[in-house]
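As they're listed, the protein sequences go chains A and B.
Position 18 (the first sequence) corresponds to 18 in this note's numbering; numbering is contiguous.
Position 51 (the second sequence) corresponds to 1051 in this note's numbering; numbering is contiguous.
Take the hints with a grain of salt, since some may be wrong.
[Unchecked claim] Facing chain A, from chain B, some residues (calculated, C-beta under 8 Å):
no.	residue
1	1042
2	1061
3	1063
4	1104
5	1105
6	1106
7	1108
8	1109
[To be verified] Once the Cα atoms are required to be at most 20 Å apart in a straight line, the calculated PhoX-like pairs of lysine-lysine come out as:
no.	chain 1	residue 1	chain 2	residue 2
9	B	1022	B	1040
10	B	1041	A	99
11	B	1071	A	99
12	B	1052	B	1009
13	B	1067	A	104
14	A	104	B	1036
15	B	1052	A	104
16	B	1019	A	99
17	B	1071	A	104
18	A	107	B	1044
19	A	107	B	1067
20	B	1041	A	107
21	A	107	B	1040
22	B	1022	A	107
23	B	1009	A	99
24	A	104	B	1040
No lab work stands behind these hints, which were simulated from the structure alone.
Treat the numbers as computed from the prediction; the structure is a model and nothing was measured.
Glycine included, every Cβ here is placed at the ideal spot set by N, Cα and C.
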Amino acid sequence: GQQLNQSPQSMFIQEGEDVSMNCTSSSIFNTWLWYKQEPGEGPVLLIALYKAGELTSNGRLTAQFGITRKDSFLNISASIPSDVGIYFCAGQLQGGSEKLVFGKGMKLTVNP
Amino acid sequence: DTAVSQTPKYLVTQMGNDKSIKCEQNLGHDTMYWYKQDSKKFLKIMFSYNNKELIINETVPNRFSPKSPDKAHLNLHINSLELGDSAVYFCASSRWTGPRGDTQYFGPGTRLTVL
Chain A
1 GQQLNQSPQS MFIQEGEDVS MNCTSSSIFN TWLWYKQEPG EGPVLLIALY KAGELTSNGR
61 LTAQFGITRK DSFLNISASI PSDVGIYFCA GQLQGGSEKL VFGKGMKLTV NP
Chain B
1001 DTAVSQTPKY LVTQMGNDKS IKCEQNLGHD TMYWYKQDSK KFLKIMFSYN NKELIINETV
1061 PNRFSPKSPD KAHLNLHINS LELGDSAVYF CASSRWTGPR GDTQYFGPGT RLTVL
């Protein structure tokens, strides 16, 4: 099936540091979404991107929809301990249904 | 004021049993989904319903049968449970905006353990 390659798979950072993660694919996507999942909870939407080149911020989070429509990145600035969790990218394929394809997630650990 | 709710939160059962998981959303959405998250945290869609009609079925074994009594509910029934069914099952919902879809909102998950 379709795959999203999400990297890195995990990161250990100090509080206050910035962190970047990205997703790539060989397929073209109409929509890119970034979710965060905390232990014992469902994924929570952070940012939704609908247009190639779109750059969107949500507080300390910034995400971009790649111009080729095959990639997206998420940046977190000035990390804090509550940023810990698993971050997932997800996309809806061009010409596809509303089915979301998920990346494998990036586990973030923030040391105080 | 929970948006997407699931019951139960935890389900422990023996192999071969039949069990159901319920999902309800109060967001006024008309599309609902079931996802399975394995031990490696990989999320994969299983089913999607739009206005009570099945629109996605990702080659899930037919031991899994979703049922949507109305737009706000999507239940998942599993027959003859197997060890490999152990996972966290997430319900999600969204507005239907045609093939492009819309942002999906997830429930808190049901952790199923098959012994």
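Do the hints match the structure? See the list:
no.: 1; hint: 1042; result: holds, 6 Å
no.: 2; hint: 1061; result: violated, 17 Å
no.: 3; hint: 1063; result: violated, 21 Å
no.: 4; hint: 1104; result: holds, 6 Å
no.: 5; hint: 1105; result: holds, 7 Å
no.: 6; hint: 1106; result: holds, 4 Å
no.: 7; hint: 1108; result: holds, 5 Å
no.: 8; hint: 1109; result: holds, 5 Å
no.: 9; hint: B:1022 <-> B:1040; result: violated, 24 Å
no.: 10; hint: B:1041 <-> A:99; result: holds, 18 Å
no.: 11; hint: B:1071 <-> A:99; result: holds, 18 Å
no.: 12; hint: B:1052 <-> B:1009; result: violated, 24 Å
no.: 13; hint: B:1067 <-> A:104; result: violated, 28 Å
no.: 14; hint: A:104 <-> B:1036; result: holds, 13 Å
no.: 15; hint: B:1052 <-> A:104; result: violated, 30 Å
no.: 16; hint: B:1019 <-> A:99; result: violated, 26 Å
no.: 17; hint: B:1071 <-> A:104; result: violated, 30 Å
no.: 18; hint: A:107 <-> B:1044; result: holds, 18 Å
no.: 19; hint: A:107 <-> B:1067; result: violated, 34 Å
no.: 20; hint: B:1041 <-> A:107; result: holds, 10 Å
no.: 21; hint: A:107 <-> B:1040; result: holds, 11 Å
no.: 22; hint: B:1022 <-> A:107; result: violated, 29 Å
no.: 23; hint: B:1009 <-> A:99; result: violated, 25 Å
no.: 24; hint: A:104 <-> B:1040; result: holds, 8 Å
Comparing the model with each numbered hint stated earlier shows that hints 2, 3, 9, 12, 13, 15, 16, 17, 19, 22, 23 do not hold.
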